[in-house]
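Peer 1: Here the structure of chain W is known, so what remains is to put chains V, L and X in place on it, guided by the hints.
Protein chains in written order, with full-length UniProt numbering: chain W, 1 to 232; chain V, 1 to 232; chain L, 1 to 213; chain X, 1 to 213.
Below, computed lysine-lysine pairings styled on DSS-like, alpha-carbon distance capped at 30 angstroms:
1. Lys-185/W <-> Lys-140/L
2. Lys-185/W <-> Lys-141/V
3. Lys-73/X <-> Lys-72/W
4. Lys-66/W <-> Lys-45/W
5. Lys-73/L <-> Lys-217/V
6. Lys-217/W <-> Lys-160/W
7. Lys-73/L <-> Lys-151/L
8. Lys-133/W <-> Lys-140/X
9. Lys-72/V <-> Lys-73/L
10. Lys-185/V <-> Lys-141/W
11. Lys-185/V <-> Lys-163/V
12. Lys-16/L <-> Lys-163/W
13. Lys-141/W <-> Lys-72/V
14. Lys-73/L <-> Lys-160/V
15. Lys-140/L <-> Lys-163/W
16. Lys-156/X <-> Lys-141/W
17. Lys-185/V <-> Lys-16/X
18. Lys-71/V <-> Lys-73/L
19. Lys-4/L <-> Lys-208/L
20. Lys-151/L <-> Lys-208/L
21. Lys-140/X <-> Lys-141/W
22. Lys-141/V <-> Lys-133/W
23. Lys-204/X <-> Lys-4/X
24. Lys-141/W <-> Lys-133/V
25. Lys-160/V <-> Lys-160/W
26. Lys-156/X <-> Lys-73/X
27. Lys-163/V <-> Lys-16/X
28. Lys-208/X <-> Lys-16/X
29. Lys-185/W <-> Lys-16/L
30. Lys-160/V <-> Lys-140/X
31. Lys-151/L <-> Lys-204/L
32. Lys-71/W <-> Lys-141/V
33. Lys-72/W <-> Lys-141/V
34. Lys-140/L <-> Lys-141/V
35. Lys-156/X <-> Lys-16/X
36. Lys-71/V <-> Lys-141/W
37. Lys-71/W <-> Lys-73/X
38. Lys-160/W <-> Lys-73/X
Hint data in this document are derived by calculation from the structure and do not stem from the laboratory.
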Amino acid sequence: MLTIAKSAQDAVAEIHDGATVLIGGFGNAGQPMELIDALLACGAKDLTVVNNNAGQADAGLALLIKERKVKKIICSFPRQSDSWHFDAAYRAGEIELELVPQGNLAERIRAAGAGIGGFFTPTGYGTMLAEGKETRVIDGKGYVLESPIYADFALIKALKSDKTGNLVYRKTARNFGPIMAAAAKHTIVQVNEIVETGELDPEVIVTPGIYVDTVVKIDGKAPAVTEHEVNQ
Amino acid sequence: MLTIAKSAQDAVAEIHDGATVLIGGFGNAGQPMELIDALLACGAKDLTVVNNNAGQADAGLALLIKERKVKKIICSFPRQSDSWHFDAAYRAGEIELELVPQGNLAERIRAAGAGIGGFFTPTGYGTMLAEGKETRVIDGKGYVLESPIYADFALIKALKSDKTGNLVYRKTARNFGPIMAAAAKHTIVQVNEIVETGELDPEVIVTPGIYVDTVVKIDGKAPAVTEHEVNQ
Amino acid sequence: MSEKLTKDELARLVAKDIAPGSFVNLGIGQPTLVSNYLTAEQDVTLHTENGMLGMGPQAQGDEIDEDLINAGKIPVTELPGASYFHHADSFAMMRGGHLDVCVLGAFQVSATGDLANWHTGAPDAIPAVGGAMDLATGAKDVYVMMSLFTKDGKSKLVPECTYPLTGVNCVTRVYTNEAVFLISEDGVRVRETFGTTIEELQSKMDVKLLPAE
Amino acid sequence: MSEKLTKDELARLVAKDIAPGSFVNLGIGQPTLVSNYLTAEQDVTLHTENGMLGMGPQAQGDEIDEDLINAGKIPVTELPGASYFHHADSFAMMRGGHLDVCVLGAFQVSATGDLANWHTGAPDAIPAVGGAMDLATGAKDVYVMMSLFTKDGKSKLVPECTYPLTGVNCVTRVYTNEAVFLISEDGVRVRETFGTTIEELQSKMDVKLLPAE
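So that you can see chain W by itself, here it is in the shape it has in the complex (with noise of 0.2 angstroms):
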């Protein structure tokens, strides 16, 4: 049943050390800011994180990285001009990379929300990131043997929720978030809006409410949690 946080800090407590955590997102659009200010200043560590990119400037996801939280990084993207924290632990040997097709991404993370064990792509067959894995030419073409990434917490951002856990999303801010939803164990998410069960149109609901564990309502822009909180 779904859980209506007071906090974005509520919303994460149960996240811990070592858990895998899927974060939505595709640039800003989607990002859920607030949840990824509040995993930092939760404390866990030891994580795996799933995200296009490996962070970027001075906020959310690079500070994660900047504070060595993140054990891991599985993405697409990793390297951009503001990736700096990145940059620094990745060539200090401080974080492991697995560097994945975003579209192989996208669909391992499908491929774990959809039960399937795992999938041939054409995508990267013939490549170095197919190196070590099982290929097979299918009816004349090559395929990449992927398996779908599970994860322990999805943080996302949705436009709304109704008190089910419903999601809508808004323009290309939907990108990972209806797929991270369906591959994590606990889905956790911040929203613009709550509104009464009954209230969105039943067909044009992307995330069903069964894929929702978390929900919290952020007003606006929050503030960046600073330096001083995060050493705490």
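Peer 2: Only chains V, L and X this time, still in chain W's reference frame:
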């Protein structure tokens, strides 16, 4: 680019002998009855048909089978109280049956549209429907390797299309529509209404127009094709 | 000791055992009766594999809508909080282990939880599987509802199924008119009996029965 | 014989070659320029892999919406007929071969259409792939846009790629500032040249060039 056909007959005119045709619907919900009738009238034969069932009573797919237009059917539930035409064809050895668990049927159709070469599914593992198939134990759980179901044509029913082929469905009539639209080379859709492009909210479109080739508006309930017309 | 249970009494018992807030799929036939005994307080959400969560009771009169049916193709209704999705998403939901409980009928259940409920194996039968194998494989708990004995007195809870299997090692509980059985790694445990005793049942069954804990 | 093409002239040429009604994905960087030269009559629908069809031009001023960005994380706009979908559906659309054309930049393209555009292979580089491999694998036609020669005069259209591959046998056309090349089972055919001749190009390239048909 989308073709807006003048009639169901025009919409299915390209379906050729030997084609593989996905037909949407679960029960009467989402069943493209007028397109099926038009397919029968157009005379294409040696068809491979993919549907959840194998026709009921004396209408639609059941008539295609009665007239021996269907060489092979891929479905999950052919035997029903009123599936007498399938039963007769099957017992006479005049139709080939590939029986697939319903969820594997859906996932195989989805795989074809999604460019997945094959996938490991737990459904059917250890049963006679996995006989002769590759199996694998992954993390202690048994899986069967299943293949995509590609198709030449899909015949589906939606509630509305806009003039670029974006579709919305209604309630449980959605069922196989979206995955069949994506799996076929040529997708033909009967709709209750065609609206101007821009009238459908981009957030609620279920099947993007990229998957749709032909739409036809069917006004109310069209008369069933008669014996006479069929035999012409 | 009470009498053997009727189908309705059995459905009431299954309903009572479903945890509040559960997501549940009720198979076609006898399991459908369970919905009559779920209470509003239980806040159970029903899934139908043809693409819906939040299914309400069977539609009556003007409520009947041909676009709103359940997996048995019966017109149903929609409750507040319902959602619709396509077939691949619906079966992904089951296969991915998101449903808490699935209740199914059965021809046979084995002592290790194998289920046979789709095919008698008769050589002239036209086979039809539908969603049976997906339902058996997907839910966290699979409850079977059936009469314990066939008309000629043979137990349907067996050391090993003789009918073709629907799923392997998937059933966790068997609700019958004479007893409720829990299937675990220890073996088959009798949770309770109705109008009989564990000794009497054991005398008619080849499966070794363990007493309630 | 005309002069070598500027990037904008090349973008205009690519745009002209895209068939009316096509569904197209334009990669980050130089390929993005193509959108400036697509005409309304062409009725091309742009896909962005972060979950949208019907992407419009870059957003300006008040149009900027942080929830509406393209794969390069640039704010964009929405055209009538647009639709949104999640990441798995978006990449399924590409991988399933539904896009007609994808236009990409490249470090190298081989004579058999292998593409190298994601990684220089430098041992100290931090690798990042994004959607490059998915784009290369998915579209019906993959067009590459690049300068033909490196700054030190080496051809980027090569017998075999020396940089790590993005995709195998996937590129069908190579648009460069000096010529347009068609890659087919026959080999590499020069469709047209700009400010140069096929003979002059051949003298600077190891790939055997076939004349236009």
